[in-house]
Amino acid sequence: MSMVQLLQTNAPATPAKPRPRIRLLPYLLSLPALLVCVAILVPFVTAAVYSLQRYRLNLPYLRGFIGAGNYIDFLSDPAFWNTFRISITYTALTVVLELLLGLGIALLLRRPTRFHNAVSIALLLPLMTAPAIAALMWKLMTNPSFGILSYLVSLFGVTDFKWASDPSSALFTVVLVDVWVYTPFIMILLLAGLRSLPRQPFEAAALDGVPASFVFFRITLPMLAPYIITASLFRLLDSIQQFDIIYAMTQGGPGDRLMVFQVQAYLEFFQYTNVGRSAALLMILWLITNILSNIFIKNWLRLRARAHGHA
Amino acid sequence: MEHSSLAGRIFRGAALTLILLFFMFPIVWIFLMSFQTNEQILRIPPRILFEPTLSNYEALISGQLRTAAGNLQISFMRNLFNSVVLSSAAVLLALLLGVPAAYAFARFKFKLGETIAFTLLSFRFAPPLLVLLPLSLYYQELGLNDTYFGIVWVYQLIALPLILWIVRGYFEDISPDIEHAYRLAGHSWREAFTHIAVPLAGPGIAAAGLLSFIFCWNNFVFALILASADKQPVTVGALAFVTASGIQYGQIAAAIVLSVTPTLLLALYAQRYLVEGLSLGAVKG
Amino acid sequence: MARLEIKSVSKTFGAARPADGLSLAVEPGEIVAVFGPSGSGKTVLLRMIAGMFEPDDGDILVGGRSVIGAPPERRGIGMAFQNFALFPHMTARDNIASGLRAKGGSDVAGRVAAISRLLKIEHVLGHAPRELSNGQKQRTALARALVGNPDVLLLDDPLRNVDAKLRYEMRLELPNLLRRGAAAVLYVTQDYREAMAIADRIAVLIDGRLAQVATPADIYAQPASVAVARLFGDPTINLAEVTPVAEHGALSAVIAGAKMRLGAGDGAAPGPCWLGVRPEDLAISSVSGEDAIPARILAITPMHEKAVLLLRLSDGTEWLAALPPDAPLGAADDAVFVRFAPEAAMLFDRATGLRIGPSHRLKAA
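Chain order of the listed sequences is C, L and E. Under full-length UniProt numbering, the final residue of the first sequence carries the number 311; numbering is consecutive throughout. Under full-length UniProt numbering, the final residue of the second sequence carries the number 285; numbering is consecutive throughout. Under full-length UniProt numbering, the final residue of the third sequence carries the number 365; numbering is consecutive throughout.
Hint data in this document are derived by calculation from the structure and do not stem from the laboratory. Heads up, a few of these hints could be off.
[What the hints assert, rightly or not] Listed next, the stretches of chain L that the computed footprint assigns to chain C, with coverage defined by at least 3 CB atoms under 8 Å from CB atoms of chain C:
#1 19 to 30
#2 78 to 86
#3 99 to 109
#4 173 to 187
[Claimed, not checked] Below, simulated SDA-like cross-link-like pairs (lysine to any residue); rule was C-alpha separation at most 20 Å, straight line:
#5 Lys111(L) / Leu28(C)
#6 Lys162(C) / Arg43(L)
#7 Lys111(L) / Leu24(C)
#8 Lys284(L) / Arg272(L)
#9 Lys111(L) / Leu132(E)
#10 Lys284(L) / Leu28(C)
#11 Lys231(L) / Lys111(L)
#12 Lys109(L) / Cys37(C)
#13 Lys111(L) / Leu41(C)
#14 Lys284(L) / Leu233(C)
#15 Lys165(E) / Leu132(E)
#16 Lys162(C) / Pro46(L)
#17 Lys103(E) / Trp189(L)
#18 Lys111(L) / Ala322(E)
#19 Lys306(E) / Ser288(E)
#20 Lys109(L) / Phe193(L)
#21 Lys111(L) / Leu301(C)
#22 Lys162(C) / Gly253(C)
#23 Lys306(E) / Glu318(E)
Beta carbons: idealized from backbone N, C-alpha and C, even for Gly.
Just chain C, with the same shape it has in the complex:
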């Protein structure tokens, strides 16, 4: 046995040799997803930069840095405040209506009978219809000359109801379409939540003869709260950015009656070619949604951990 071998076999323990095992695999696997992230973040940062510039596509020589100029202009701009007000009103109306209606339907369908399951599946169909197409469907149904809905309201003596073409009823009409498309979303989430609730509290309450209203407000609602919050925030985030339904229905009109954030930004960009203003408008919208989505993600993670059994 050579000296070297002897030394090796008698070595008490391998000395602390460094093991720089950089695990490349996870990074390699997520590289494509990282690329997509970059493809999002680059235009996002670009938008942020544009929002600080005077930048009109039709007047390129005027382009220059103006700091918060675009934002400051908004403060005294009635068009901006109109957009702000319409967006908030639209969001509040749709979320509240959809939440109440969705919760009601979920409660009606709570028992998992075959009929209830069939109804809940049927109600998914509006949700799976493209919102832009849904707007077209309602446009056909509210057509003043042959629309079935126009005909139906005329039976009740309302002969000249103009739906989306009249400033006084335009908001009502698009909210109606939004409710038609998205109420099933709230319904299906709350239904899944309701059916996953433990039974014991309800059985105990039934045994004790607790009144139904007490059960609903003190047991059902609190236990359902995480589902209600997640579903509402989902809708809140989508609703405040609504574009498809409104654009397909009226393109923001009549006049500026339905000029919500994204429609306004779209028109600023393509009609007025004012990139800076459009970007600033979207940055404000992003700020609002970002605050909301941070709250949302926290809630959503809790629900997700529960669904996957590792709380």
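Chains L and E: place on chain C using the hints.
Then chains L and E, alone, in the frame of chain C:
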């Protein structure tokens, strides 16, 4: 709750009837309309019973629209074809990119992974125009404007977060020991991934794929900004069609029916997974 | 035929240190049980050997060759998991055959049939895992680990999730099964009886360190420390705080007023100690004496092969005695006197917990 009074049952029955009427009526009505001629549609009062005609569909399929003012060329079939190509390609790409990444995020706890996953999630809720408008300027410089690839790439914004988060949940639900056992039996990690992890997460991958397809198909704003007529999917095409065809209401209804039928059928087929997909994996149905 | 050698292996996870300089060698054909309370690092050790993660420090050798850095599939290791970890989408047959097929071995069907016959699962080979009972799942998992004749066999508490009857049967069957292929076997368990029944040697793991590695009989009779002594035996060992005194070359200590002779130690007074006496080494009688500790019976639990008495010594300490069921037991609340042979007493240093040897304890378990 189990036993309610007669009044309660009548109330519930009436409420459910009203709900079904409100949510189903538009679909049924447009469906009926698509089999009517313009004269039948314009009749007042409207009739439930009518002589159905396939002429609207024939016109759409042949691409020849006969109007009072003469023949009009329409390319709605082209839109339908675009929708199929764009949505399928987007979902395939998203699966190719997303499934390995979802596996990495589920199996290895590493900071970059969490950052990517949450960035994609938070941009799922950011205003799409915020990214799209600057992107359209970049696309013009890169020559990606109005290309299938350019549109498929931005569709990743819809499909990738969905696939990443749903499939990740499914991977997390597989005991790592099953993969370890397979490795110890003499297989590389790649074999463990393709023969153990992917088949076991199969239902989740299928569900996420189907849902991404539906969401890509239903998307409107991406193609509105990035595609011109010959690359537009049905959502944008239908709107253009309404503007172009004017008062050909029967054909509009038929176009709507053709646009929504694929997604509605897929939704019925995948309904078991919809809850999970719609909540990005946070609620199991 | 390969030896498994673990050399000064350490691993840290955040604040936890589940392996702290572990060294252990397992000969081919030898079964070593790794036993310890939950969270002591047993599973971490197995997983480092299997290559699911690498130690921060130290080396692991199979057949004299370091396997550090080698992927799990190239370490020559078979493993059975506590939760079985069967491939849910494959039949029992394909589960067992997966390793043979991966290595491109010949006569796959014959070898699967042979191991299945040995484990008595031939009739369920066509079933999917979800159609198997827990016992069949466990046997399938064992067959899968054994079929490739691995150099090293790792078993992670394989009897944890099966019912009591099956666990008893398997305890009898396993030693022969595991020795068949002359693999070096590391068997993790949380049940000291299982460790004693199956293993040639037991490695006691406490807080990431090996407290003792010895044969089952030695561990029971000569535990290295008070912690090891407390882990083996049911009921657990009785302890009393004593400060022994040396007289005429022999030790004695006062327990609850009685002066008891101790056989442990080398005759010199060792300072403050824990005195340990196994419950089955206590004798109970109604006759008082200078060599007897006065006590009162608090409760009697008959357990078929023995009866367990809960006693309160006159200083308030509670001890347990395990007696043959036919011994005169007395009744609850009886006053009794407790004796034990000097050789039965073990002494442990109160500061370090280490046993003060040599022991002359004759009655081995």
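Outcome of the hint check:
no.: 1; hint: 19 to 30; in the structure: holds (count 9)
no.: 2; hint: 78 to 86; in the structure: violated (count 0)
no.: 3; hint: 99 to 109; in the structure: holds (count 7)
no.: 4; hint: 173 to 187; in the structure: violated (count 1)
no.: 5; hint: Lys111(L) / Leu28(C); in the structure: holds, 14 Å
no.: 6; hint: Lys162(C) / Arg43(L); in the structure: holds, 19 Å
no.: 7; hint: Lys111(L) / Leu24(C); in the structure: holds, 13 Å
no.: 8; hint: Lys284(L) / Arg272(L); in the structure: holds, 9 Å
no.: 9; hint: Lys111(L) / Leu132(E); in the structure: violated, 40 Å
no.: 10; hint: Lys284(L) / Leu28(C); in the structure: violated, 30 Å
no.: 11; hint: Lys231(L) / Lys111(L); in the structure: violated, 39 Å
no.: 12; hint: Lys109(L) / Cys37(C); in the structure: holds, 19 Å
no.: 13; hint: Lys111(L) / Leu41(C); in the structure: holds, 18 Å
no.: 14; hint: Lys284(L) / Leu233(C); in the structure: holds, 18 Å
no.: 15; hint: Lys165(E) / Leu132(E); in the structure: holds, 17 Å
no.: 16; hint: Lys162(C) / Pro46(L); in the structure: holds, 18 Å
no.: 17; hint: Lys103(E) / Trp189(L); in the structure: holds, 15 Å
no.: 18; hint: Lys111(L) / Ala322(E); in the structure: violated, 56 Å
no.: 19; hint: Lys306(E) / Ser288(E); in the structure: violated, 24 Å
no.: 20; hint: Lys109(L) / Phe193(L); in the structure: holds, 17 Å
no.: 21; hint: Lys111(L) / Leu301(C); in the structure: holds, 17 Å
no.: 22; hint: Lys162(C) / Gly253(C); in the structure: holds, 13 Å
no.: 23; hint: Lys306(E) / Glu318(E); in the structure: holds, 19 Å
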